[in-house]
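In order, the protein sequence lines correspond to chains A and B. Mapping of the first sequence onto the working numbering: residues 122 to 310, in sequence order. Mapping of the second sequence onto the working numbering: residues 122 to 310, in sequence order.
Treat the hints as calculated values from the structure; they're not laboratory data. Even for Gly, the Cβ is constructed at its ideal location relative to N, Cα and C. Honestly, I wouldn't trust all of these hints.
[Claimed, not checked] Below 30 Å or equal to it, Euclidean Cα-Cα: the simulated DSSO-like pairs (lysine-lysine) are:
| no. | chain 1 | residue 1 | chain 2 | residue 2 |
| --- | --- | --- | --- | --- |
| 1 | B | K172 | B | K127 |
| 2 | B | K127 | A | K127 |
| 3 | B | K127 | B | K162 |
| 4 | B | K234 | A | K172 |
| 5 | A | K127 | A | K172 |
| 6 | B | K172 | B | K162 |
| 7 | B | K127 | A | K162 |
| 8 | B | K172 | B | K234 |
| 9 | A | K172 | B | K172 |
| 10 | A | K162 | A | K172 |
| 11 | A | K234 | A | K162 |
| 12 | B | K172 | A | K127 |
| 13 | B | K234 | B | K127 |
| 14 | A | K234 | B | K172 |
| 15 | A | K127 | A | K162 |
| 16 | A | K234 | A | K172 |
[As the list claims (entries may be wrong)] Beta-carbon label-pair distances, calculated as ranges:
| no. | chain 1 | residue 1 | chain 2 | residue 2 | range |
| --- | --- | --- | --- | --- | --- |
| 17 | B | Q249 | A | T257 | 19 to 27 Å |
| 18 | A | G294 | B | L192 | 25 to 33 Å |
| 19 | A | V151 | B | R265 | 52 to 60 Å |
| 20 | B | G263 | A | T257 | 32 to 40 Å |
| 21 | A | S164 | B | R156 | 30 to 38 Å |
| 22 | A | T257 | B | G148 | 35 to 43 Å |
| 23 | A | A253 | B | K127 | 29 to 37 Å |
Number of protein chains: 2
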Amino acid sequence: MTTQAKPSPRDRLLDAAARLAYLDGVGIGVEALCRTAGVSKRSMYQLFESKDELLAASLERLAPSFEARLLPGADDARSPRERILHVFEQVEAESASPAYRGCPYLAVQIELKDADHPASRVAHRIKQDLTAFFRTEAVRGGARDPELLARQLILVFDGVSARAGIRADDLAGLIAPTVAALLDAAGVA
Amino acid sequence: MTTQAKPSPRDRLLDAAARLAYLDGVGIGVEALCRTAGVSKRSMYQLFESKDELLAASLERLAPSFEARLLPGADDARSPRERILHVFEQVEAESASPAYRGCPYLAVQIELKDADHPASRVAHRIKQDLTAFFRTEAVRGGARDPELLARQLILVFDGVSARAGIRADDLAGLIAPTVAALLDAAGVA
């Protein structure tokens, strides 16, 4: 058995910010953040310049697990079409959790309504990385217009995440035929 | 020339709630709402039980103009395919405005994170009406699975509104081929 080190105040703040922003929105107060993290406000402001910077850093910290949950392995032997569909199967599986509130990066950008906010910039970049994955697979799969297909796939990703997150659609039987229609139209077999 | 009556306190509150929630989010305070509307807090609470009820009523009040802007006329002679595409052409045109922040009903539901909030319930119902329009046209257009096509179209509607609203995509050249691929796959000529 290994002894687990208690997370540092910095990590506790990042965890609290990520969790509270996802469940309650970016309007969460500094008091609530510090209380949840068990860190004083004084310490928080020693670690982060502002709540905005804390929020941006918390989104940055989520990126590796976001990508690990969604993307297929780099050495995956499946076809580009199957690798693209894999992402959407993961979204469908995750959306079944009662705690699912859609894509955290889309929600933050919609809530902040300010593309220049530090957290919006982080969120935008991480979603651009996902779009780049789609584009790479679209090229590998011989899509007629890989850029268009990548834009269509991230649009479907945001649409399904948002609608499942607000409980407007349970996604059953929706994603596979939608993505398949776009892949077929793009010529990705 | 007709003399225009000054809007009532009730209408001024509804306008302020709709405008501020759209531009700044549902977290807007009662103080800011009342100041913008030029109405005292006391009067606000005589007219509305709570800020939540005011927000819900403001979304309800937006519905006729939301539908008038997006939907084709009932006596429109165009084909179901063209009538469906009309909705998306309107979204693309609206999204070019610097004030565009995406679909107000989607944003409110994402921000509230509570499907039982009175404003979420109103938003959900108004979007169901738009989904019903898509379903009706899908049936008229002979779609193989009208329910599936309607779910796909509202998914694309929410995806494009969200991505244009956060300035992640300017929609140029995106919507028409996406909707066309889904209509083609559904057999709607």
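Verification of the hints:
Straight-line distance between C-alpha atoms of B:K172 and B:K127 comes to about 23 Å, which keeps the hinted pair within the 30 Å bound. Annotation: proposed proximity of B:K127 to A:K127 is violated, straight-line Cα distance about 62 Å (limit 30 Å). With a CA separation close to 20 Å, the supplied pair B:K127 and B:K162 stays within the 30 Å bound. Of the supplied pair hints, the one linking B:K234 and A:K172 holds, its CA atoms being roughly 21 Å apart against a limit of 30 Å.
For the given pair, A:K127 sits about 23 Å from A:K172 by alpha-carbon distance, which is consistent with the 30 Å threshold. In summary, the hint linking B:K172 to B:K162 is supported, as the alpha carbons are separated by about 10 Å, within the 30 Å threshold. At roughly 47 Å between alpha-carbon atoms, B:K127 and A:K162 are farther apart than 30 Å, so this suggested pair is violated. Of the supplied pair hints, the one linking B:K172 and B:K234 holds, its CA atoms being roughly 16 Å apart against a limit of 30 Å.
A distance of roughly 26 Å separates the Cα atoms of A:K172 and B:K172; the hinted pair therefore holds under the 30 Å criterion. Distance restraint check for A:K162 and A:K172: the Cα-Cα separation of roughly 11 Å lies within the 30 Å cut-off, and the hinted pair is therefore satisfied. Our distance criterion of 30 Å between C-alpha atoms is met by A:K234 and A:K162, whose separation comes to about 26 Å. A hinted pair counts as satisfied when its Cα atoms are at most 30 Å apart, and B:K172 with A:K127 does not qualify at roughly 42 Å.
For the given pair, B:K234 sits about 36 Å from B:K127 by alpha-carbon distance, which is inconsistent with the 30 Å threshold. Our distance criterion of 30 Å between C-alpha atoms is met by A:K234 and B:K172, whose separation comes to about 21 Å. As the CA atoms of A:K127 and A:K162 are separated by approximately 19 Å, the hinted pair is consistent with the 30 Å bound. Of the supplied pair hints, the one linking A:K234 and A:K172 holds, its CA atoms being roughly 16 Å apart against a limit of 30 Å.
Here the CB-CB span from B:Q249 to A:T257 is close to 37 Å, at odds with the stated 19 to 27 Å. For A:G294 paired with B:L192, a C-beta distance near 27 Å keeps the hint of 25 to 33 Å intact. At about 54 Å, the beta-carbon gap between A:V151 and B:R265 stays in the expected band of 52 to 60 Å. Judged by the Cβ atoms, the range 32 to 40 Å given for B:G263 and A:T257 holds: they are separated by roughly 37 Å.
In this structure the supplied range 30 to 38 Å holds for A:S164 paired with B:R156, their Cβ-Cβ distance being about 36 Å. Between A:T257 and B:G148 the C-beta distance comes to about 38 Å, which sits within the given range of 35 to 43 Å. For the hinted restraint 29 to 37 Å between A:A253 and B:K127, the CB-CB distance of approximately 54 Å leaves it violated.
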